[in-house]
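Novice: These protein sequence lines map, in sequence, to chains Z and U.
Just so we're aligned, residue 0 is where the first sequence starts under numbering that gives the first Met the number 0, counting upward by one.
Just so we're aligned, residue 0 is where the second sequence starts under numbering that gives the first Met the number 0, counting upward by one.
Since the hints were derived computationally from the structure, they do not count as laboratory data.
It is possible that part of the hints are untrue.
Stated by the list, open to error - In silico lysine to any residue, SDA-like type, Cα no more than 20 Å apart, as pairs:
id: 1; chain 1: Z; residue 1: Lys137; chain 2: Z; residue 2: Arg207
id: 2; chain 1: Z; residue 1: Lys87; chain 2: U; residue 2: Tyr377
id: 3; chain 1: U; residue 1: Lys383; chain 2: Z; residue 2: Trp81
Claimed, not checked - Just so you have them, the derived chain U footprint on chain Z, three or more residues with Cβ under 8 Å:
id: 4; segment: 40–51
id: 5; segment: 55–63
id: 6; segment: 82–93
Stated by the list, open to error - Facing chain Z, according to a computed beta carbon distance under 8 Å, are these residues of chain U, among others:
id: 7; residue: Leu96
id: 8; residue: Pro102
id: 9; residue: Ala105
id: 10; residue: Gly202
id: 11; residue: Val204
id: 12; residue: Pro235
id: 13; residue: Ala323
id: 14; residue: Arg329
id: 15; residue: Ala342
id: 16; residue: Ser370
The model shown is predicted, which means the values in this text are computed figures rather than measured ones.
Using N, Cα and C, we set each Cβ at its ideal position, and we do this for glycine too.
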Amino acid sequence: MTVTLDDALARWSPVIGMETHVELGTRSKMFCGCPTTFGAPPNANTCPVCLGLPGALPVANEAAIRYTILIGLALHCSIAPWCRFARKNYFYPDMPKNFQISQYDEPLCVDGWLDVEMDGQTHRVEIERVHLEEDTGKSLHVGGATGRIHGADHSLVDYNRAGIPLVEIVTRPDIYSAEVAKAYVAALRDVVRAIGASDVKMEEGSLRCDVNVSLRPAGADTLGTRAEVKNVNSLRSVERAVRHEIVRQAERLDAGQRIVQETRHFHEDTGTTTPGRSKEEAQDYRYFPEPDLVPIAPDAAWIEELRSSLPEMPVERRRRLTAELGLSEVDQAAMSNAGVLDLVLATVDAGAPAADARNWWLGDLLARANAADVDPGELGVTPAQVARVCAMVTDGTLTATMAKEVFAGVVETGDDPDAVVAAKGLRQVSDVDALGAAVDEAIAEQPAVAQKVRDGKTAAAGALVGAVMRATRGQANAAVVRTLVLERLGVPEA
Amino acid sequence: MTDLTRLTAAETARVVRDGEASAVDVAQAHLDRIAAVDERVHAFLHVDIEGALGAARAVDERRAAGDDLGPLAGVPLALKDVFTMAGVPTTCGSKILEGWRPPYDATVTRRLKDAGLVILGKTNMDEFAMGSSTENSAYGPTRNPWDLDRIPGGSGGGSSASLAAFMAPLAIGTDTGGSIRQPAAVTGTVGAKPTYGGVSRYGLVALASSLDQAGPCARNVLDAALLHEVIAGHDPFDSTSIDRPVPEVVAAARRGDVQGMRVGVVREFAGEGYQAGVQQRFTEAVELISSLGADVVEVSCPHFDYALAAYYLILPSECSSNLARFDAMRYGLRVGDDGTRSAEEVMSLTREAGFGDEVKRRIILGTYALSSGYYDAYYGQAQKVRTLITDDFTKAFETCDVLVSPTTPTTAFRIGERVDDPLAMYLADLCTIPSNLSGGAAMSVPCGLAPEDGLPVGLQVMAPALADDRMYRLAAAFEAAHTEAHGPILDGAPAL
Chain Z
0 MTVTLDDALA RWSPVIGMET HVELGTRSKM FCGCPTTFGA PPNANTCPVC
50 LGLPGALPVA NEAAIRYTIL IGLALHCSIA PWCRFARKNY FYPDMPKNFQ
100 ISQYDEPLCV DGWLDVEMDG QTHRVEIERV HLEEDTGKSL HVGGATGRIH
150 GADHSLVDYN RAGIPLVEIV TRPDIYSAEV AKAYVAALRD VVRAIGASDV
200 KMEEGSLRCD VNVSLRPAGA DTLGTRAEVK NVNSLRSVER AVRHEIVRQA
250 ERLDAGQRIV QETRHFHEDT GTTTPGRSKE EAQDYRYFPE PDLVPIAPDA
300 AWIEELRSSL PEMPVERRRR LTAELGLSEV DQAAMSNAGV LDLVLATVDA
350 GAPAADARNW WLGDLLARAN AADVDPGELG VTPAQVARVC AMVTDGTLTA
400 TMAKEVFAGV VETGDDPDAV VAAKGLRQVS DVDALGAAVD EAIAEQPAVA
450 QKVRDGKTAA AGALVGAVMR ATRGQANAAV VRTLVLERLG VPEA
Chain U
0 MTDLTRLTAA ETARVVRDGE ASAVDVAQAH LDRIAAVDER VHAFLHVDIE
50 GALGAARAVD ERRAAGDDLG PLAGVPLALK DVFTMAGVPT TCGSKILEGW
100 RPPYDATVTR RLKDAGLVIL GKTNMDEFAM GSSTENSAYG PTRNPWDLDR
150 IPGGSGGGSS ASLAAFMAPL AIGTDTGGSI RQPAAVTGTV GAKPTYGGVS
200 RYGLVALASS LDQAGPCARN VLDAALLHEV IAGHDPFDST SIDRPVPEVV
250 AAARRGDVQG MRVGVVREFA GEGYQAGVQQ RFTEAVELIS SLGADVVEVS
300 CPHFDYALAA YYLILPSECS SNLARFDAMR YGLRVGDDGT RSAEEVMSLT
350 REAGFGDEVK RRIILGTYAL SSGYYDAYYG QAQKVRTLIT DDFTKAFETC
400 DVLVSPTTPT TAFRIGERVD DPLAMYLADL CTIPSNLSGG AAMSVPCGLA
450 PEDGLPVGLQ VMAPALADDR MYRLAAAFEA AHTEAHGPIL DGAPAL
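The task is simple: from the sequences and hints, build the whole structure.
Specialist: Dropping the structure here:
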């Protein structure tokens, strides 16, 4: 390529719109009772309905409608009080009925937005619509070099995926950089996960993007002709596909050529796009209302019930945690990735300082969970117990070392921290009278060290404190011991 | 011994229940009758001898075990070949499904089996239920037992002919624009289209989803009602099926009086195109109804004049999509798969070879009507007309309990007479289509023979949605009075 991305962006501004498909995590398919499990043997999860056999009829999955409304509400959409499914007609062997049940001019959710935070800035992306449809089967082209249909010897079709509920989320052309496009998909993924509508595993194809990209002269407010890039199936690919399109389109425009409105396919291996269907084969989908299904008419009370059941959205939660608890975005990302964020928050709710809760869950407790090969939430230590241990450390009852021993005991016995403390005799000794003798003994045993401290090398006091700690089997309050040592040796505390 | 094929369904069930004949004897008598006459009539596409005798044996065993048999247990039935039946060929009268044996039972099929009915086989029909004569069957036409040179109606001509020829006392049809009622009218039998959603469509191979309705066919009103109650009722596998109690049609048929009923005669269903003998018998039928104590008035439904036009946009639109699945990829006919052709080419060659002319005509019409830029003018406009027709019914039913008309403008026409003139063929459904568009209930009951040709004429009774019982009540009263005056209509049919 002769044009670099920076060159292109100096003259041209990209305008990006996203169409994102999310496979919902329902147990059964959209219009029949077949399971949705990934990885089943080919065509095992099929029945007359999802095979489109003559006579079979669809019946809508209520859980899928509920998830779609939840996604719509989370994206601040209006929910249609009445809407219908529509048939999208086209022939393809992996589509059993040769029409897809989708939604056309009556989507379930419309007119929302999603805030995308990047580098301390908030980009509000407008959502045009959220609608529900069924997935197609999968074709496997055998015998060709590329795995594509051209050059293949024959093709096999697996209908396990046919009829899996898909939600399509469409933005307005409201994104202006590859980085925000990628961040939008990540933010959308977090929202869908927070709701529990899907596990959103991009590697299993449960989130797929079509990216519409057009260029306009830098500073202009017109819209250029767009290309629709399909098959963009990872966060990184979103960024790469947009960048590739910016450069490709800039080259054409710079050369005085026009952009063809077309569908293009993204190739993960090369990071490039190639043309899909040509204009002569442009489809007329002949949409019309699906006569085999009754309209969806969610009543207002149900929608409000769903609205009140929405969990706190990731972006709002991040803002709140930063403001209220002082947890940095990096920390939050770490906690989120480790799957302990909810546990930390619950621990804070139970009375622990945020920093302590973070340290225990990201440190000792996460290590224990990893060692036991369980999720941190399954470890057997509750947020309330962690808060209790934090309180005992704060009030001097336990040392940090003892606290670890307490957690070990909780995991092992299932007892409460107080019971473990009592059973193990883990009580920090802070009583000056009780510790005085041990301190005197340590000074007597290490006269040389004692002298160094007297001479002003207070750092040497550590050896004496260590001796006291050993003598008390770790139960002494190290801070109190240190104060006593310095006091006895006539050195003022720094 | 009585001829078991001449009994009504209710009598047949009683005979089996009381042990006067076994269900196997009854089934065998009908299978023998089929063997004797169906070569000439061609009502059946597939006779399931083993299946029928097996089902009959099961009924006899249940009776021997002292089980309580249902009201139609042991009664033979002819099933229109548009319903799936596990393991039994289902063609819809089309080459494209030749050899296909469905892996599942339609809900109607399942309910028939559960009620102990003995399914004799699958009956002939116009291909994918598109037609009014069964001449569009890829497997050759069915002939009218009244005159073998004439059509038995369509699309359910196989079902109506099997009744009129005494090959079965009961049959199941489907009615998208009249495919139960028009065949009933021209064969002197009874056929009812329940309220849309009254009977499950699961396993009924769709023609036009928003119009299709399965219903009972019989030789008398009570038998139709008994069969209606067996197949009707909510089905969780059909989201358009109505989740309400089934109208009490058997009680209505048994009651059979019309005292105080308000009956509307639809003004628009008369005049040009209506055969004189049909008009005459219809007028006499109205007089008879009036003499039985009903209050007869004339009503106008001005938008019914546009029903045929709206129907021939909505139906092809839906069927162009419904029939897209017949593509050679998963089942049925496959043409041209020689290893050199693409899937698209194989689909195209298969559809070219597998579909008949009328099917292709309607697919092309519907594809056009739904096309971008034409949708509003055709499909959209037709839906508006549909609403106006429904409004006409609503208004008429404010003053009437039921509406009546001739079922079809003419008696059975000759085979070949209209086959090259689709519009003439479409006119056979002129009076029946409005009820499909509105979703209301309607049925046909014989009202005599036309004087000029001696062929049966049907009286159509239309009722509001969910009020199917009303039409049975009127039809039963009319049938009783008419039979008393003229004898059973099928007594006038020639022996085959």
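Novice: Hint by hint, note whether the structure agrees.
Specialist: Each hint, compared with the structure:
1. Z:Lys137 x Z:Arg207: holds (14 Å)
2. Z:Lys87 x U:Tyr377: Given that 20 Å is the threshold and the Cα spacing comes to 18 Å, the pair holds.
3. U:Lys383 x Z:Trp81: holds (19 Å)
4. 40–51: holds (count 3)
5. 55–63: holds (count 5)
6. 82–93: Contact hint for the segment 82–93 of chain Z vs chain U: holds, 4 residues under 8 Å.
7. Leu96: Status holds, d = 7 Å.
8. Pro102: Result: holds, 7 Å to nearest chain Z Cβ.
9. Ala105: holds (6 Å)
10. Gly202: With a minimum Cβ separation of about 4 Å from chain Z (threshold 8 Å), the hint on U:Gly202 holds.
11. Val204: holds (4 Å)
12. Pro235: holds (7 Å)
13. Ala323: holds (4 Å)
14. Arg329: This interface hint holds because 7 Å falls under the 8 Å limit.
15. Ala342: holds (5 Å)
16. Ser370: Holds: closest Cβ of chain Z sits about 6 Å from U:Ser370, inside 8 Å.
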